[in-house]
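K.L.:
Residue numbers (this note's numbering), protein chains in the order written: chain A, 1 to 321; chain B, 1001 to 1257; chain C, 2001 to 2363.
It should be emphasised that the hints constitute simulated quantities derived from the structure, not laboratory data.
Careful, some of the hints might be misleading.
To be verified - To give an idea of the interface, some chain A residues facing chain C are shown, with a C-beta separation under 8 Å as derived from the structure:
id, residue
1, P105
2, G120
3, Q124
4, P285
5, L287
6, D289
7, Y290
8, L303
9, V304
10, S306
Given the structure is predicted, the values throughout are model-derived calculations rather than measurements.
Think of the CB as a built atom: it goes at the ideal place given N, C-alpha and C, for glycine as much as any other residue.
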Amino acid sequence: MQQLPDILQYLFVGLATGSIYAIVAVGFTIIFSSTQVVNFAQGEFVMLGAMGTYMLTTWNWRHPEFAGLHWPLPVAVLLAVALTAVVGLLLGWVLMRPLKNASVPALIIITVGASMLLQGVASQLWGRDAVAVEPFTARAPFATPLVLTLPKALTGAEAYPVVIEWQQLWVMALALVMVLGLTLFFNRTQVGKAMRAVSVNREGARLMGINVSHMVVGAFVLSAALGALAGAAIAPISCAYYNMGTMMGLKGFAAAIVGGLGNFTGSVVAGLLLGVVESLAVMVPGLSDYKDAVAFVILLAMLVISPHGLPALLRRGKETA
Amino acid sequence: MSILLEAGNVRKVFGGLVAVDGISFTVQAEQITALIGPNGAGKTTMLNMISGVFPPTDGWIRLHGTPIHRLPPHRVAARGIARTFQNVELFANMTVLENVMVGRHLRSRGNLFTAATRLGSTTREERRTANDALTYLEMVGLAEMAHEDAGDLPFGRQRLLEIARALATEPSLLLLDEAASGLSTREKRDLVELIFRIRQSGVTIFLVDHDMDLVMDISDHVIVLDHGEKIAEGPPAEVQRNEQVIAAYLGEEPVSG
Amino acid sequence: MKRGPFFTSTFFWALIGLVVIAFIPWWVINLPLLLHHQHTVHLLSQNNYLLHVLSMAAIFTILAVGLNLLMGYAGQVSLGHAAFYGLGAYTSGILTAGPSLTQHLAPLLALPIGIVLTAVVALLIGMPCLRLRGHYLAMATLGFGWIIFIVLQQWSDVTGGISGLTGIPPLAMGRFAFNSDVKWFYLTGGSALLALVLCANVVNSRVGRALRALHGGENAAATLGVNVARYKVLVFMLAAALAAFAGSLYAHKANFISPNSFGFIISVELVVMVVVGGMASVWGAVVGAAAITFLFEWLTDLGQQYPAFQDMHGIAYGLILVLVMVFMPSGLTVAVRDLVVRFARRRRPAPVPHPAPREVTRV
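Input sequences plus hints: build the corresponding full structure.
P.N.:
In structure tokens:
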């Protein structure tokens, strides 16, 4: 098959972006489970992680007097994640009062406002241009990307080799580690189990002595940290810019919906699927310009057919069969 | 005496849970029929099916002989069934009078076009609707509070408002879902008087309640459910003596809340 | 429906509005001239920046009043309303000046076609999506808004793509063309007033009560005979039609449109207008639209004077949204009204302390 290398190429890109969508979707899920709120600012956490890393490694954001300062990447990433977690904390704290008695439209508007605010601050601090961020491993032997040449038997004629960026592998590895870590967290630790309790039955959890407010804020902090880490990971591939959060957030949300809002595994699987489908769509003639719309069309279609996502759809199919 | 409402082998399954299992009963016109049973017996589920909130998995429900169990709520309302809710569901964003005026929706005319352009008899319709709504408020004794915000009313008055609103649809059947719960003794007495007055005006009443004394005092006919099945049906005195009914109520574990 | 004294009725305020609109241009144009002892000029051919901004405020009022009906009264969140604005503008633009058409229509014909087309799109989108509740609906509208935006950007053969559509003819009736700021002010001002009156009438009617009942409690409304699905779609279509009308007006006024005027931030801007103006008040839409339009102009101006503050719009909108929704969910106009009422009550001995009207807590 002559197209096999292309397919594999797009597949890898798709898996990398899909991993990010998966992490964002998981962030949505964590917050939604504990608060029944859809956090429209989720994508901004990704952006803050990316821009934060950029800022801390190059220190030449709009203020040239800081140029020349350079912190090592791991430190920068950690700090960026920590700072974003603080932002998440603030957001959770702001939402405390409205959560108790405001209507759903009001809560939605608040998170939209927070998203706008964060984007605006980002554009003020760091400008509107896209900036380059260091990949996690840039020195030898990781200086050149991985090159896979498929045997002629598979591809038919002479075909281009498949090029895999190391950062793509990092992204996927990171996503895997996060998923495993979260599974451990939610199933084996006290705090994690308490958060799950809050998401299943808030009043019951409160009666059992769990401080619901702390858990809610904790959900925000956790989602923010996850998003920031994802941002730092994807930025070397996609560049960082002040409104990258919009697309990330929306597509992550699409994945969360497809996987079933509140469904952890669903979010992960749907995120990966969405990334791959979106990437492969480029190969369809005429569709490549509309690549970004793919996620939204899938989102709309899913909302119309089965708002509770693919799992619900599959369950329905099993019942009628 | 004619049969107003009839349920035949109604069954409702939620996922794996059988909420209601093969229930049949009749409601006679201009009578007060009560549906009672311990918690979880399926009473509210039954009420929801009658008012069209969701359809039964199996079985049928007929009003005046015509099936209504597959109709959406607004169609059921159009056929003449009105209801109140266990957790009072008033429109807190409107005044008391406006709440009842929404109840006149089925009995008034006007679409988007005539409303926007104020064509035709819209102003006259508005006045008529307001006056009609006021008479229902007078019937439950809330006329002086007409321009208060519905959410500001004390709880007992909120229940009365909900009843007035339901009555404004001019139903032939009124479903009362736990209308007496949360009321003081005096308020309950007023409610009983109101129910009798409603019955006198020709409306059939079907009520679900926990208060045994109230139910036995005012009902003409009682249906008892337990665990989704009907275990007794008949006049209050008879039902009260039924052994199964007594067992169902006394033999229950204490339920919290 | 409160039958109060005459000066609270829609008719009265519409009259006031008409008078104000009729006289503003004269004052705006001629007052500075008079102050400099110059002759007053022929009004209808004047161009003036303030009148231009007021015209934009009027156009946004039309948008806001429709969205207010949808969000404030019927309680349906829409985060993609700019899409309908864009559909109206581009339909008008393409039909009268589109590169892919060999024959062009007169603007006066294109306008109603734009409105009808957009209403049909709203019907098609609304029917499946309005079944959704709360955040699902918000996301559906958001996704829809983005799809339209991307299509407007990418379908360059028809829409002119990112560089936009130029050469859109001004609205004209025979020889009389709307081609000056003053004329546009009268047209947009009058249209906004019309839209306001129409919507105020709807609110105080059987239909309006049904819509508010939707917001107050869908389940209860349905048991009272309100066809919930039908009304949701109807108000969605009305809001979309008004948005399309505003879009067409904008296209024929600016003579140039590009997708950036119809993107997500505009949808957010519209939500800010409705939120600020007050979600339970039709006239609040005017306040919201005017306030945000002037805020936008001021911020752009500020950015041009002090380059450091170039992109404050996002921050401003974000802050406003968060602060208003956390502290004054019923919007500025209602909050101000409450303050005035409370202040007035303190002046005379109050019989019973009356708590402020609650904000809506139902979905």
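K.L.:
A closest beta-carbon separation below 8 Å is what the hint needs, so does A/S306 meet it against chain C?
P.N.:
violated (11 Å)
K.L.:
Under the criterion of a CB-CB separation shorter than 8 Å, is A/G120 in contact with chain C as hinted?
P.N.:
Holds - the Cβ of A/G120 comes within 8 Å of chain C, reaching about 3 Å at its closest.
K.L.:
Does the nearest C-beta of chain C fall within a distance shorter than 8 Å of the C-beta of A/L303?
P.N.:
holds (5 Å)
K.L.:
Under 8 Å, Cβ to Cβ, is where A/Y290 needs to be relative to chain C, so tell me if that hint holds or is violated.
P.N.:
holds (6 Å)
K.L.:
For the hint on A/P285, just tell me whether its beta-carbon gets within less than 8 Å of chain C.
P.N.:
Check failed: Cβ of A/P285 comes no nearer than 14 Å to chain C, outside 8 Å.
K.L.:
So, A/V304 near chain C? Judge it on the closest CB pair being under 8 Å.
P.N.:
Because about 4 Å separates A/V304 from the closest Cβ in chain C, which is inside the 8 Å limit, the hint holds.
K.L.:
Is the hint on A/P105 kept, meaning its closest Cβ partner in chain C is under 8 Å away?
P.N.:
holds (4 Å)
K.L.:
Min Cβ distance, A/Q124 to chain C: is it shorter than 8 Å?
P.N.:
holds (6 Å)
K.L.:
Given a cut of 8 Å on the nearest C-beta pair, is the interface hint for A/D289 held or broken against chain C?
P.N.:
For A/D289, the interface hint holds, since the closest Cβ of chain C sits about 4 Å away, which is under 8 Å.
K.L.:
Double-check A/L287 for me: the hint is only fine if its C-beta lies closer than 8 Å to a C-beta in chain C.
P.N.:
violated (10 Å)
Hint compliance for this structure: hints 4, 5 and 10 are broken, all remaining hints hold.
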